[in-house]
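Visitor: Letter by letter, the chains look like this.
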Amino acid sequence: EAQVTQNPRYLITVTGKKLTVTCSQNMNHEYMSWYRQDPGLGLRQIYYSMNVEVTDKGDVPEGYKVSRKEKRNFPLILESPSPNQTSLYFCASSPGGGTRNTEAFFGQGTRLTVV
Amino acid sequence: QKEVEQDPGPLSVPEGAIVSLNCTYSNSAFQYFMWYRQYSRKGPELLMYTYSSGNKEDGRFTAQVDKSSKYISLFIRDSQPSDSATYLCAIRLQAGTALIFGKGTTLSVSS
Chain A
1 EAQVTQNPRY
11 LITVTGKKLT
21 VTCSQNMNHE
31 YMSWYRQDPG
41 LGLRQIYYSM
51 NVEVTDKGDV
61 PEGYKVSRKE
71 KRNFPLILES
81 PSPNQTSLYF
91 CASSPGGGTR
101 NTEAFFGQGT
111 RLTVV
Chain B
1 QKEVEQDPGP
11 LSVPEGAIVS
21 LNCTYSNSAF
31 QYFMWYRQYS
41 RKGPELLMYT
51 YSSGNKEDGR
61 FTAQVDKSSK
71 YISLFIRDSQ
81 PSDSATYLCA
91 IRLQAGTALI
101 FGKGTTLSVS
111 S
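So the sequence lines, in the order shown, correspond to chains A and B.
Per this note's numbering, the first sequence starts with residue 1, numbered consecutively.
Per this note's numbering, the second sequence starts with residue 1, numbered consecutively.
Please keep in mind that the hints were generated in silico from the structure rather than gathered at the bench.
One or more of the hints may lead you astray.
[Stated by the list, open to error] A few chain A residues that face chain B, going by a derived Cβ cut-off under 7 Å, partial list only: (1) Q45; (2) D59; (3) P61; (4) E62; (5) G63; (6) P83; (7) F90; (8) A104; (9) F106; (10) Q108.
The structure displayed is predicted, hence computed values, not measured ones.
Think of the CB as a built atom: it goes at the ideal place given N, C-alpha and C, for glycine as much as any other residue.
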């Protein structure tokens with residue numbers, strides 16, 4: 001089954017404790033991205049990757065890092081989480097070609113709480 | 001002015017109704033237009049994708065882009081209770097730029 005898998009689905013952590021949210025897709029997609037979704041603000045892009053070793057900032061990259069060492073994986077790293085990073089996070093992927101400019105598949109989301 | 005505006009609703013309709021969902025955007029240079037559906041506690045799923053202007057139809061769903069008015073629409077015919085969800089419009093300037101989402105319209109279809 002084609003899917004984007006995020007882990008963990010739920011996470012509560014403390015301020016300053018480094019964490020990684022993993023994202024993996026099984027469709028050999030070139031394009032992957034991370035979003036956060038907040039009430040009243042909607043979905044906002046954090047980082048995206050056009051292919052292996054190619055990443056770039058989205059609209060709200062501050063406080064986040066990403067890496068793309070393999071095509072299937074695109075982890076989101078919070079080096080020193082703060083309470084304002086409490087949010088619902090989504091990973092997305094897309095194939096190349098005509099739909100490369102869409103986010104075709106989204107993961108189920110990771111609800112992160114930083115206390 | 002925000003780059004994309006979407007009425008949050010909620011919108012309640014009876015089963016079988018025709019639903020019209022709309023977004024306006026500020027920059028006429030946007031080229032890529034999408035509609036997503038998001039069920040509660042789930043990730044968004046891509047419904048429709050349009051490049052530049054025109055209409056696109058897929059089953060009961062029709063997407064319209066009017067670049068002269070900077071207005072995008074999603075029509076749902078013969079709406080079903082399973083269509084109850086939040087609908088998000090999204091726009092992109094060009095390849096390699098961020099996808100910008102509207103805040104979503106919550107739709108409820110009653111049987």
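Visitor: Classify the hint on A/P83 as holds or violated, based on whether any CB of chain B lies nearer than 7 Å to its CB.
Guide: violated, 22 Å
Visitor: Using the nearest Cβ pair, does A/Q45 come within less than 7 Å of chain B?
Guide: Holds - the Cβ of A/Q45 comes within 7 Å of chain B, reaching about 4 Å at its closest.
Visitor: Checking hints one by one. Is A/Q108 an interface residue toward chain B, by the C-beta closer than 7 Å rule?
Guide: Since chain B brings a Cβ to about 5 Å from A/Q108, closer than 7 Å, the hint holds.
Visitor: Hey, does the A/P61 contact hint survive, CB to chain B under 7 Å?
Guide: With Cβ-Cβ at 10 Å, over 7 Å, it is violated.
Visitor: Checking hints one by one. Is A/G63 an interface residue toward chain B, by the C-beta closer than 7 Å rule?
Guide: This hint is violated: A/G63 lies away from chain B, its Cβ roughly 17 Å from the closest one there, beyond 7 Å.
Visitor: Does the interface hint hold: is A/F90 within less than 7 Å of chain B, judged Cβ to Cβ?
Guide: Given a least distance of 5 Å, the restraint on A/F90 holds.
Visitor: Hey, does the A/A104 contact hint survive, CB to chain B under 7 Å?
Guide: Holds, because the Cβ-Cβ distance from A/A104 to chain B comes to roughly 5 Å (cut-off 7 Å).
Visitor: Close enough to count: is the Cβ of A/E62 nearer than 7 Å to one in chain B?
Guide: Status violated, d = 14 Å.
Visitor: Could you check if A/D59 really has its C-beta closer than 7 Å to a C-beta on chain B?
Guide: holds, 5 Å
Visitor: Any CB of chain B closer than 7 Å to the CB of A/F106?
Guide: Holds, because the Cβ-Cβ distance from A/F106 to chain B comes to roughly 3 Å (cut-off 7 Å).
When each numbered hint is compared with the structure, violations occur for hints 3, 4, 5, 6.
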